[in-house]
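Asker: Here's the letter readout for the chains.
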Amino acid sequence: GESVGLHLPTLSVQEGDNSIINCAYSNSASDYFIWYKQESGKGPQFIIDIRSNMDKRQGQRVTVLLNKTVKHLSLQIAATQPGDSAVYFCADSNPRKGQNFVFGPGTRLSVLP
Amino acid sequence: DGGITQSPKYLFRKEGQNVTLSCEQNLNHDAMYWYRQDPGQGLRLIYYSQIVNDFQKGDIAEGYSVSREKKESFPLTVTSAQKNPTAFYLCASHPITGGKGFFNQPQHFGDGTRLSIL
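The listed protein sequences correspond, in order, to chains W and Z. Read in order, the letters of the first sequence are residues 186 to 298 in the numbering used here. Read in order, the letters of the second sequence are residues 325 to 442 in the numbering used here.
For the record, the hints were derived by calculation from the structure and aren't laboratory data. Any given hint might turn out to be false.
Below are the BS3-like pairs computed for lysine-lysine, each with C-alpha atoms no more than 27 Å apart in a straight line [what the hints assert, rightly or not]:
(1) Z:Lys407 x Z:Lys338
(2) W:Lys227 x Z:Lys394
(3) Z:Lys395 x W:Lys282
(4) Z:Lys333 x Z:Lys407
(5) Z:Lys381 x Z:Lys333
(6) Z:Lys333 x W:Lys241
(7) Z:Lys381 x Z:Lys407
(8) Z:Lys333 x W:Lys227
(9) Z:Lys381 x Z:Lys394
(10) W:Lys256 x W:Lys241
(11) W:Lys227 x Z:Lys381
(12) Z:Lys395 x Z:Lys381
(13) W:Lys227 x Z:Lys395
(14) Z:Lys381 x W:Lys282
(15) Z:Lys395 x Z:Lys333
(16) W:Lys227 x Z:Lys407
(17) W:Lys256 x W:Lys282
(18) W:Lys241 x W:Lys282
(19) W:Lys253 x W:Lys241
A short list of chain W residues far from chain Z (calculated; beta carbon distances all over 12 Å) [unchecked claim]:
(20) Ser197
(21) Val198
(22) Gln245
(23) Lys253
(24) Gly268
Using N, Cα and C, we set each Cβ at its ideal position, and we do this for glycine too.
Working from the sequences, and respecting the hints, build out all of it.
Answerer: Pasting the structure below:
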């Protein structure tokens, strides 16, 4: 993920709507990508991952899309719930080349009742 | 329940003092990591370790030290040489399967230690 400075992007969605959170990465050699969810005062929790040989991967209520051409990753959350409110961030790496994870600063998701 | 335990949750450091953050895991994971998280920034890697008595520097190792005397434990010492230690520190781990090494699996994180300067 890319650093965008001190300001954390915010996304507000209505409960029940779908959320789309975006992430840009800078290393074209990255081939492994992860989305994490972090609640206030807690450690990050793994949500879903994807490797570069795939464009899309689905989990329970979540979908990750990978566009290697423009180095872009997105996380879609279906039927967003209040418990989804958190900071979401992506991480990318190239394990074969020993490139450690580069973490984005995250997007704060707020779910409105 | 298996997991990663970080302690203390809050820690205060005086000028010129070294402090040690604890990280213990009972997941039988081989790889362990320390990250620093600052407001509005992504996690930055301090140190990581694959096996007992072996560890590597990450991107911001200066002013920090670690040890790995036991598989389940990876304490981080913030030394007085670290001039800006105020941050949220996260410990993580994952198993190493198929001899594939680091950065190729999701990491399990502890709930962090918040370090502040008095």
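Asker: It remains to establish, for every hint, whether it holds in the given structure.
Answerer: Okay, the hints, checked on the actual structure:
1. Between Lys407 (chain Z) and Lys338 (chain Z) the alpha-carbon distance is near 11 Å, which keeps this suggested pair within the 27 Å criterion.
2. A hinted pair counts as satisfied when its Cα atoms are at most 27 Å apart, and Lys227 (chain W) with Lys394 (chain Z) qualifies at roughly 25 Å.
3. A C-alpha spacing of about 25 Å is found between Lys395 (chain Z) and Lys282 (chain W), which places the hinted pair at or below 27 Å, so the restraint holds.
4. A threshold of 27 Å between alpha carbons decides the hint, and for Lys333 (chain Z) with Lys407 (chain Z) the separation of about 21 Å falls inside it, so the pair holds.
5. Of the pairs offered as hints, the one joining Lys381 (chain Z) and Lys333 (chain Z) holds, with about 24 Å between alpha carbons and a cut-off of 27 Å not exceeded.
6. Distance restraint check for Lys333 (chain Z) and Lys241 (chain W): the Cα-Cα separation of roughly 37 Å exceeds the 27 Å cut-off, and the hinted pair is therefore not satisfied.
7. A distance of roughly 18 Å separates the Cα atoms of Lys381 (chain Z) and Lys407 (chain Z); the hinted pair therefore holds under the 27 Å criterion.
8. Only pairs whose Cα atoms come within 27 Å are accepted, and Lys333 (chain Z) paired with Lys227 (chain W) is accepted, the gap being roughly 10 Å.
9. Only pairs whose Cα atoms come within 27 Å are accepted, and Lys381 (chain Z) paired with Lys394 (chain Z) is accepted, the gap being roughly 18 Å.
10. A threshold of 27 Å between alpha carbons decides the hint, and for Lys256 (chain W) with Lys241 (chain W) the separation of about 14 Å falls inside it, so the pair holds.
11. At most 27 Å may separate the alpha-carbon atoms for a hinted pair to count; Lys227 (chain W) and Lys381 (chain Z) meet this at roughly 25 Å.
12. About 18 Å separates the Cα atoms of Lys395 (chain Z) and Lys381 (chain Z), which keeps this hinted pair within 27 Å; it holds.
13. Taking the CA atoms of Lys227 (chain W) and Lys395 (chain Z), the gap is near 24 Å; set against the 27 Å cutoff, the hint holds.
14. For the given pair, Lys381 (chain Z) sits about 16 Å from Lys282 (chain W) by alpha-carbon distance, which is consistent with the 27 Å threshold.
15. For a cut-off of 27 Å, the pair hint linking Lys395 (chain Z) to Lys333 (chain Z) stands: about 22 Å separates their Cα positions.
16. With a C-alpha separation of about 25 Å, the suggested pair Lys227 (chain W) and Lys407 (chain Z) falls inside the 27 Å cut-off, and the hint holds.
17. With a CA separation close to 18 Å, the supplied pair Lys256 (chain W) and Lys282 (chain W) stays within the 27 Å bound.
18. Simply put, Lys241 (chain W) and Lys282 (chain W) have alpha-carbon atoms about 23 Å apart, close enough for the 27 Å limit, and the pair holds.
19. Under the criterion of a C-alpha separation no larger than 27 Å, the hint pairing Lys253 (chain W) with Lys241 (chain W) is consistent with the structure, at around 11 Å.
20. In this structure Ser197 (chain W) is separated from chain Z by more than 12 Å, as the shortest Cβ-Cβ distance comes to about 18 Å.
21. Interface exclusion of Val198 (chain W) from chain Z stands, the closest Cβ pair being 21 Å apart, more than 12 Å.
22. Under the 12 Å C-beta cut-off, the non-interface status given to Gln245 (chain W) relative to chain Z holds; the minimum distance is some 15 Å.
23. Even its closest Cβ contact with chain Z, about 18 Å, leaves Lys253 (chain W) beyond 12 Å, as expected for a residue assigned away from the interface.
24. No Cβ of chain Z comes within 12 Å of the Cβ of Gly268 (chain W); the nearest lies about 17 Å off, and the non-interface call holds.
When held up to the earlier numbered hints, the structure conflicts with hint 6 and nothing else.
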